[in-house]
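**Q** Using the sequences and the hints given, assemble the complete structure.
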Amino acid sequence: MAAAPTTLPVWYTFCVLVPLLAHVAPTVAEGNGSLPCVDGTYEHGGRICCLCGAGQYVKEHCTTSQSYGVCELCAPNTYSSLPNSLDSCEPCTSCSQPNGKRNRSPASESPTDPEMQPLAAPVVDLQPHLSDIAETIGWRDMHVVAMKSRIESAIIESCRLDYPNDSQEQTLRLLHIWVESQGREASRVLIQSLQTSDRRGKAEKVMAILSKSELPV
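Going left to right, the sequence shown walks through residues -29 to -1, 1 to 188 as mature numbering (1 follows the signal peptide of the UniProt record, and there is no 0) numbers them.
Derived by calculation from the structure, the hints in this document are not laboratory data. All figures in this text were calculated on a predicted structure; none of them were measured in a lab. Treat the hints loosely; a few may be bogus.
[Unchecked claim] Pair by pair, the computed Cβ-Cβ distance ranges are:
no., residue 1, residue 2, range
1, Gly16, Leu101, 18 to 28 angstroms
2, Lys30, Ser124, 16 to 26 angstroms
3, Leu132, Pro7, 37 to 47 angstroms
Note that CB positions come from ideal geometry on N, CA and C, so glycine has one too.
**A** This is the structure:
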């Protein structure tokens, strides 16, 4: 009797095999600037950058259009299942309670779990929603988003000092600066940044605000 075929669990595919296979893909901008963007593109700082492949994340954005920045392999126990412009990989964990995280065993981990799935953020104009988004995110998490996007500390501090004791205005000002720095993909990058910063709840609230928009970019 023929032996039954061996099937690998989904978590193994994304958390083990994908990072290993991604090792053969370009991981730095040096030497691959002439390669086409095989996985698609995203906009950053007025330049069109190549998406990093599955199993990688963007460590540094591109310096010239239609080229790769620096793509790093996901660390152990993290994954990215699709080509992306994320600044970190998704953790192989899931939030099971509103106020806490539950570490899951590899056998039960799967990026197909609803709480593991990246949110499909629309590309829309954030300007009409800045006030609502700022109120939802708050200064603390806006500060985190700005730092992850490499907004200069001096700029962040100036937003805080310009509006002392008014966290709403501090957040709104910093959000405005951040949106201008991100360009057309700002809405998508914001959702990704909140989700990868373990702030999925706020990412979902921002998604709800954006879903009201009838003017896709």
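**Q** Please go over all the hints and tell whether each is borne out by the structure.
**A** Hints, verified against the model:
1. Gly16 <-> Leu101: 18 to 28 angstroms: Between glycine 16 and leucine 101, where Cβ atoms are some 20 angstroms apart, the hint holds.
2. Lys30 <-> Ser124: 16 to 26 angstroms: For serine 124 against lysine 30, whose Cβ atoms are near 19 angstroms apart, the range 16 to 26 angstroms holds.
3. Leu132 <-> Pro7: 37 to 47 angstroms: holds, 45 angstroms
In summary, the structure agrees with every hint in the numbered list given earlier.
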